[in-house]
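> Protein chains in written order, with our numbering: chain B, 11 to 132; chain A, 489 to 959; chain Z, 2 to 448.
Hints in this document: simulated from the structure, not taken from any laboratory. Each statement offered as a hint is correct.
Pairs of lysine-lysine residues, derived as DSBU-like cross-links and limited to a Cα-Cα distance of at most 35 Å, are as follows: (1) Z/Lys23 <-> A/Lys820; (2) A/Lys839 <-> B/Lys73; (3) Z/Lys91 <-> A/Lys908; (4) A/Lys948 <-> Z/Lys151; (5) A/Lys544 <-> Z/Lys283; (6) Z/Lys91 <-> A/Lys820; (7) A/Lys839 <-> Z/Lys23; (8) Z/Lys63 <-> A/Lys570; (9) Z/Lys148 <-> B/Lys73; (10) A/Lys665 <-> Z/Lys148; (11) A/Lys579 <-> Z/Lys434; (12) A/Lys908 <-> Z/Lys37; (13) Z/Lys148 <-> A/Lys689; (14) Z/Lys91 <-> A/Lys579; (15) A/Lys601 <-> A/Lys820; (16) A/Lys522 <-> A/Lys490; (17) A/Lys948 <-> Z/Lys283; (18) A/Lys793 <-> Z/Lys63; (19) Z/Lys91 <-> A/Lys544; (20) Z/Lys148 <-> A/Lys670; (21) Z/Lys30 <-> A/Lys601; (22) A/Lys522 <-> Z/Lys196; (23) Z/Lys186 <-> A/Lys522; (24) Z/Lys37 <-> A/Lys670; (25) A/Lys793 <-> Z/Lys394; (26) A/Lys544 <-> A/Lys908; (27) Z/Lys37 <-> A/Lys683; (28) Z/Lys39 <-> A/Lys601; (29) A/Lys522 <-> Z/Lys348; (30) Z/Lys151 <-> A/Lys665; (31) Z/Lys445 <-> Z/Lys434; (32) B/Lys73 <-> Z/Lys283; (33) A/Lys570 <-> A/Lys771; (34) Z/Lys192 <-> A/Lys793; (35) Z/Lys39 <-> A/Lys841; (36) A/Lys784 <-> Z/Lys63; (37) A/Lys522 <-> Z/Lys192; (38) Z/Lys15 <-> A/Lys908; (39) A/Lys948 <-> B/Lys73.
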Amino acid sequence: MIDPKELKYSRDDEWLRYDGDDAYVGITDYAQSELGDLVFVNLPEVGDEVVAGEPFGDVESVKAVADVYSPISGEVLEVNEDILDDASLINSDPYGAWFVKVGNISETVELLSADEYDEYRG
Amino acid sequence: MKLIFEKSIPGRGQDIFPACDVPVALPAEDKLRKAEVHLPEISENEMGRHYTALAKRAHGVNDGFYPLGSCTMKHNPRINEKMANLPGFAKLHPLQPAHTVEGANALIADLEKMLCEITGMDGVTFQPAAGAHGEFTGLLLIKAYHTDRGDTERSEILVPDAAHGTNPASATMAGYKTVVIKSNESGTVDLDDLKAHLGPKTAGLMLTNPNTVGLFDPNIMEITRLVHEAGGLCYYDGANLNAVIGIVRPADIGFDVIHMNLHKTFSTPHGGGGPGSGPCAYKDFLAPFAPGLVCKDGEYVRAEKSIGNMTGFYGNFLVMVKAYAYLLTIGKDVHTLAENAVLNANYMQEKLKDLYPIAFDTTCMHEFVIGLDPIYRKTHVSALDVAKALLDYGIHPPTIYFPLIVHEALMIEPTETETKETLDEAIKAFREIYERIFNAPESVQMAPQTTPVLRLDDTKAAREPHLRYEF
Amino acid sequence: MGTFIPNTREEQLKMLNEIGYKDFDDLFKVIPAEAKVKGELNLPEGKSEIEVDRAIEGLADKNVIFRSIFRGAGAYNHYVPSAVDAIANKEEFLTAYTPYQAEISQGILQSIFEYQTMIAEIMGMDIANASLYDGASAAAEACWMCKDRKHSTIYVSGAIDERILTVINTYSFGRGSKVVVIPAKDGVTDKDALKAALAEDPAASCFLMQYPNFYGIVEDAEELCQITHDACAKFIMYAHPLSLGVLKNPGEIGADIAVGEGQPLGLGLEFGGPYLGLLATKQENMRQIPGRLIGETVDTRGDRGFVLTIQAREQHIRREKASSNVCSNEAWCALRAGIYLSTIGPKGFEQVATLCSSKAHYMAAELEKIGMKRCFEGEFWNEFTTTCPDADKLLAALEEKGILGGLKVCCGCCDNDCDTDCILWCCTELNSKEDIDEVIAIAKEVF
Chain B
11 MIDPKELKYS RDDEWLRYDG DDAYVGITDY AQSELGDLVF VNLPEVGDEV
61 VAGEPFGDVE SVKAVADVYS PISGEVLEVN EDILDDASLI NSDPYGAWFV
111 KVGNISETVE LLSADEYDEY RG
Chain A
489 MKLIFEKSIP GRGQDIFPAC DVPVALPAED KLRKAEVHLP EISENEMGRH
539 YTALAKRAHG VNDGFYPLGS CTMKHNPRIN EKMANLPGFA KLHPLQPAHT
589 VEGANALIAD LEKMLCEITG MDGVTFQPAA GAHGEFTGLL LIKAYHTDRG
639 DTERSEILVP DAAHGTNPAS ATMAGYKTVV IKSNESGTVD LDDLKAHLGP
689 KTAGLMLTNP NTVGLFDPNI MEITRLVHEA GGLCYYDGAN LNAVIGIVRP
739 ADIGFDVIHM NLHKTFSTPH GGGGPGSGPC AYKDFLAPFA PGLVCKDGEY
789 VRAEKSIGNM TGFYGNFLVM VKAYAYLLTI GKDVHTLAEN AVLNANYMQE
839 KLKDLYPIAF DTTCMHEFVI GLDPIYRKTH VSALDVAKAL LDYGIHPPTI
889 YFPLIVHEAL MIEPTETETK ETLDEAIKAF REIYERIFNA PESVQMAPQT
939 TPVLRLDDTK AAREPHLRYE F
Chain Z
2 MGTFIPNTRE EQLKMLNEIG YKDFDDLFKV IPAEAKVKGE LNLPEGKSEI
52 EVDRAIEGLA DKNVIFRSIF RGAGAYNHYV PSAVDAIANK EEFLTAYTPY
102 QAEISQGILQ SIFEYQTMIA EIMGMDIANA SLYDGASAAA EACWMCKDRK
152 HSTIYVSGAI DERILTVINT YSFGRGSKVV VIPAKDGVTD KDALKAALAE
202 DPAASCFLMQ YPNFYGIVED AEELCQITHD ACAKFIMYAH PLSLGVLKNP
252 GEIGADIAVG EGQPLGLGLE FGGPYLGLLA TKQENMRQIP GRLIGETVDT
302 RGDRGFVLTI QAREQHIRRE KASSNVCSNE AWCALRAGIY LSTIGPKGFE
352 QVATLCSSKA HYMAAELEKI GMKRCFEGEF WNEFTTTCPD ADKLLAALEE
402 KGILGGLKVC CGCCDNDCDT DCILWCCTEL NSKEDIDEVI AIAKEVF
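Between the sequences and the hints, there should be enough to build the whole structure, so can you do that?
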């Protein structure tokens, strides 16, 4: 899969899609393929604070669990209920299956462009 | 095969209970159940056949080689079972007066004495029902000790990255933060990393020795000394005690508290997942915090600052009877268990290492770990595939994907109760599978072919949880 | 002497030499000398099988087996059908371990899947786990399941068995949760006290009651459930599994989690263990369940099969973030419970519960006739407390006749103004009318 050019990427394999002052966060195609078939996600609640570089949730495959790190600091405005019901959406559509929408963004980890990320994980 | 519910026909079954010889009396109508309860209705003959069919679809130590790493699947002697089934033990009510259970309490006291000698510790609590439960108990003893001294800033338990998953999970249950200590290149504790993490917050260290890659830590005396200097206590995860029983005593190498798995080292059967028994042995200074009631001179007493109870009564008593029968049989020759467990592991390791990459190629203890990663990268045949291929040879596969520090790990623990012939058969199977990995990799990836079911869809099971039969 | 090591000493040495070691000392030189045991351990000489048999039978013979038992209080003397021992002792079941390799463990996996179904059925809940250590530790795990970031206080009825409370307290010492006991009044949970306590505590996570409670009383569980739910806390019922043959089950009452001691389901008294921790709950709490879960799936041919599932909750994957550290459970005891429930079936399930209740009511009435009145009025099932002029004297007289009488307790019925003793009696289907009449006759003689 080609990593979308309009997104920003972290070295922890999360993507960031800005929507005005807010941003959607998800995990990259590389991350989902490394993890294999996902069966469940744990997400924060609306209103929670997330911190750049710190885990805000995790994803489970059958025999592993991996933390999901937030590339930004801010407040959770929305969580994606669809992936709570069906984690396989993350495998089938990693760049559509956002995890959380974050607002009041104060801090950001170093972000890569799609090309830089491809090179990093290539 | 059908579920027992699918064999049920209304009205079938046998009479177990007699007619009521007193007037029938029930609680008031508004307390009574209205909901229907579905249970099987089946004749004893059909039920017997159902479970016999299930038994044929199970694999125990009794069925064949079971080198499941870290689980010590040794032979379960028949005498153990016979002793545990004696009515003089099996029919005792736990709340009988002490003078009517003198034999049971004498057995417990004698077993405690022997386990103290084996571990070098001063006391044992039999309250924990399994190994992880023993870990939790040991950590609560450590917590109670620090709390009692007013040393309340100690909030961290150090756990090596190779540790059993129960270690960090037990630390969390005891309210501690887990601090992971790295392994060095030789697969044992990295002393510098240990030193860097020791400090006034250190409550203790949990260590398995030999560790989960089967290595005895050469720096063990230094490690326990450093932890003590920092004010922490040392917890010995006794899951691998079979490797050193009679040869090393945890107390002598600086440990303060330990759990043992009676269902591993002391030969009691695993029962398809339990019951086990995880007695926790401790040095004298932890005795005031021990859980449970103990019979002393005909009276049940509780330690003065006891942490409470881990189970309702005295732990898994009948499992203790089995372990006692085993220890009476072995007696002072316990070191021969370790010797042969270690010999069998090294024999297999030596006979496989020309083909399979050994994670840490040196003399191992009771188990060794193959790291299949280099082969996997070349052939896409994984540790899982090798495990499944072994099934067609009638061998229970080793523990796979553990320890986490070895990629594509296969962790092999033959135990001392296997013959040279059995080991040779297994070695042959491993070597044949190796040939197939390169000559016919798909035959390994498609294995098993001879089992009642083929590879099962774990993803479907987890994504669409179906945890019961729907009526 | 005795040994289960098959290879002879000569074979062992040959193997050692074959792989390049002189002897065992050479093999163990990886262990630093200072770490090794010096000399011999102070253990007895090993014994032959006959000697072991004799020694341990000698100990067993020192214990008293009561021919008639009227004591419960957490361990119940029920009949174990012949099929249970015959089937469970098959060595394939006994000598297997946790079914990690599903393809050769379908027998273990299916037996547990069937057990999970039966426990969910009798509790009236959606799902059950593969077992926990015993009832008390299951209760402690259930309390932990209810904790979330905003709710952590555990409320427990004062009318529960003190042993259960002690285990909950011990677990909570580790996890740092607050446990609040709601006092018992007239042998049952003080509802007003519960209501008041929950109303004042936004951090209340759960309330746990015993059913029937320690004094044998079948409390008004629906109202306690309502009070608990009104405070947005979870309602946990610790239920005697056989009582549910006649009593409303936790599902009908509205419980969020049902736990209990599975010992009455085909396990003996066994001096307290191994027993069986039951845990069942609603579907929505699935991911908070501690311990193993078995799920249905299909193999590559599309045939039905069973696997350990939702394992990412567990310690071997989630490590310090696991919902519990449980690894070994009580699978073999769960197998026995499954065989037991299959043997008695729905009819036997109701029958055994009816027998326990009827015998207990008969005994209570007979004791009342000789002046040993029930301490509390509430509805009861298999256990009840009565006054007794001198419990020690009566229990000793019964013991002399091979009868284990009820348990002397302090139930607080006389507002702690103890001018009389109290006894907690228990009847099961094994207590015949003659056995009960004998107790009454002895009591008449004593007083």
